[in-house]
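My request is simple: use the sequences and hints to build the entire structure.
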Amino acid sequence: MARLILLGPARDAAGVGVDTVDGDSLEVVLVEAVRRYGPKFEAILEVSRVWVNGEPADSAAPISHDDEISVLPPVSGG
Amino acid sequence: MARLILLGPARDAAGVGVDTVDGDSLEVVLVEAVRRYGPKFEAILEVSRVWVNGEPADSAAPISHDDEISVLPPVSGG
Amino acid sequence: MVTESPLSSDELSAWAVRPNCGAVVTFSGVVRNHSRDHDDVLALEYETNPKFAEARLNEIVEVARERWTSLEAIAIHHRIGRVELSETTVVVAVSSPHRSDAFDAARFCIDTLKETVPMWKREFWDGGSAWSEDTSPLLDTPRP
Amino acid sequence: MVTESPLSSDELSAWAVRPNCGAVVTFSGVVRNHSRDHDDVLALEYETNPKFAEARLNEIVEVARERWTSLEAIAIHHRIGRVELSETTVVVAVSSPHRSDAFDAARFCIDTLKETVPMWKREFWDGGSAWSEDTSPLLDTPRP
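Residue numbers (our numbering), protein chains in the order written: chain A, 2 to 79; chain B, 2 to 79; chain C, 67 to 210; chain D, 67 to 210.
Note that these hints are calculated values from the structure, not bench results.
Where a beta carbon is used, it is the ideal one built from N, C-alpha and C, also for glycine.
Just to be clear, a hint being listed does not mean it is correct.
To be verified - Cut-off 30 Å, straight-line C-alpha distance, at most; resulting in silico cross-link-like pairs (DSS-like, lysine-lysine):
no. : chain 1 : residue 1 : chain 2 : residue 2
1   : D       : 117       : B       : 41
2   : C       : 117       : A       : 41
3   : D       : 180       : B       : 41
4   : C       : 180       : A       : 41
Said to hold, decoys possible - Here are the in silico distance ranges between beta carbons for each label pair:
no. : chain 1 : residue 1 : chain 2 : residue 2 : range
5   : B       : 2         : D       : 166       : 21 to 27 Å
6   : C       : 136       : B       : 2         : 48 to 54 Å
7   : B       : 63        : D       : 103       : 24 to 30 Å
8   : A       : 69        : C       : 69        : 19 to 25 Å
9   : D       : 135       : B       : 59        : 33 to 39 Å
10  : B       : 60        : D       : 166       : 42 to 48 Å
11  : B       : 55        : D       : 208       : 16 to 22 Å
12  : B       : 63        : C       : 153       : 55 to 61 Å
To be verified - A few chain C positions that, by computed beta-carbon distances, are all more than 12 Å from chain D:
no. : residue
13  : 69
14  : 141
15  : 159
16  : 194
17  : 206
Encoded structure:
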């Protein structure tokens with residue numbers, strides 16, 4: 002279980018900005034997120050970076066209940 | 002005869018900023034200027050650009066009495 | 067830093083003046099009336115995680131200082147929230163004894179920011195709004 | 067233009083903001099405390115023929131506009147007379163829809179100015195003064 006943070010277009014696509022999702026690896030959490038939010042979110046997730054606790058992470062990364070997972074779509078700052 | 006304008010370090014070396022010098026070509030005017038102001042001015046003149054009426058000019062350029070000759074040493078603006 | 071308050075390139079530019087520096091370069095990003103997709107933009111709205119964004123901005127400054135060791139002052143301020151037409155969205159200010167380093171570093175900061183800082187802008191026009199589609203995949207901060 | 071009055075990069079930078087421009091780049095030259103020959107500079111004094119200097123500054127702006135056709139606002143202001151430590155000697159401000167053009171044009175303006183504008187600076191330090199020896203032969207304005 003982990004805290005999922007959805008930013009920018011990912012938040013819009015999911016319809017929620019912060020959520021709690023079960024799973025003991027990053028991959029499992031994201032599969033559950035796609036199941037929950039649907040294909041619009043999935044499309045954005047495919048082009049997004051995913052960070053765990055503010056750092057880039059691998060999809061095999063183990064996840065514990067106090068981890069914070071952020072989905073970061075392509076950026077448009079500046 | 003022409004009006005001679007000496008700028009920046011050329012003015013300092015000549016000891017004068019504006020002068021009237023005889024001569025019917027640019028070359029003749031500058032020879033007279035060197036005779037008048039001495040070797041310190043000559044050294045600066047050698048590395049300077051000379052404009053007639055605000056435009057770069059050749060040393061053979063004919064000079065008439067209402068021409069304005071400017072001696073422009075290497076620059077240090079900005 | 068990121069801030070919801072209006073940005074002043076004047077303040078940052080004045081702050082960057084140092085006794086040993088002959089050159090101050092400032093870049094200001096400004097809300098313009100057109101984007102890749104709309105020619106009647108009225109405002110932008112920037113969304114971010116401020117903690118992430120500030121960490122990335124600090125990393126850019128650190129890398130710039132390592133690449134251009136002559137730099138004296140360097141700062142990047144990014145506005146977040148809604149920003150109206152002709153208001154400033156981001157300011158980069160850099161000072162150095164050498165103008166070439168100041169130009170290179172300022173450009174590096176804004177070019178890198180656009181690829182490495184988690185930040186998303188929504189475009190507002192008369193009657194609608196949408197996320198900007200002029201995006202870049204989020205990259206890691208480059209090495210020095 | 068050349069002026070004996072204090073320069074404000076703020077004013078020129080604000081003037082350069084245009085509704086269709088996303089990027090404003092400003093370069094400020096500032097009196098620094100050291101030069102090639104002295105490490106205790108207190109002030110500079112710029113001498114010129116204002117007519118010649120303004121003609122050359124205008125030519126630089128024209129060439130920049132031909133080279134970077136996206137430019138919107140562009141101006142170069144150079145102070146003359148005595149300028150104290152940390153005061154501004156020259157300001158270049160450029161705006162464009164495209165930041166790359168704004169950076170390139172601003173840099174072109176200051177680099178070219180240093181080679182093509184008839185202008186001489188005297189350095190003042192505690193107890194003396196001399197013409198700067200950090201000079202460039204006067205070149206013609208480059209072609210577009």
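These are the hints, each one checked on the structure:
1. D:117 <-> B:41: With a Cα-Cα distance of about 27 Å, the restraint between residue 117 of chain D and residue 41 of chain B holds, given a limit of 30 Å.
2. C:117 <-> A:41: holds (27 Å)
3. D:180 <-> B:41: Distance ~25 Å between residue 180 of chain D and residue 41 of chain B Cα, so the pair holds.
4. C:180 <-> A:41: holds (25 Å)
5. B:2 <-> D:166: 21 to 27 Å: violated (53 Å)
6. C:136 <-> B:2: 48 to 54 Å: holds (52 Å)
7. B:63 <-> D:103: 24 to 30 Å: Violated: the Cβ-Cβ distance is about 41 Å, outside 24 to 30 Å.
8. A:69 <-> C:69: 19 to 25 Å: Taking Cβ atoms as reference, residue 69 of chain A and residue 69 of chain C lie about 23 Å apart, which means the hint holds.
9. D:135 <-> B:59: 33 to 39 Å: Given a distance of about 35 Å, which is inside 33 to 39 Å, the answer is holds.
10. B:60 <-> D:166: 42 to 48 Å: holds (43 Å)
11. B:55 <-> D:208: 16 to 22 Å: holds (18 Å)
12. B:63 <-> C:153: 55 to 61 Å: Holds: the Cβ-Cβ distance is about 60 Å, inside 55 to 61 Å.
13. 69: holds (19 Å)
14. 141: Consistent with the label, residue 141 of chain C stays out of reach of chain D, its closest Cβ about 14 Å off (over 12 Å).
15. 159: The claim breaks: residue 159 of chain C does not keep its Cβ more than 12 Å from every Cβ of chain D (closest is about 9 Å).
16. 194: holds (19 Å)
17. 206: The assertion about residue 206 of chain C holds, with a minimum of 22 Å to chain D.
Consistency note: the structure conflicts with the earlier hints numbered 5, 7 and 15.
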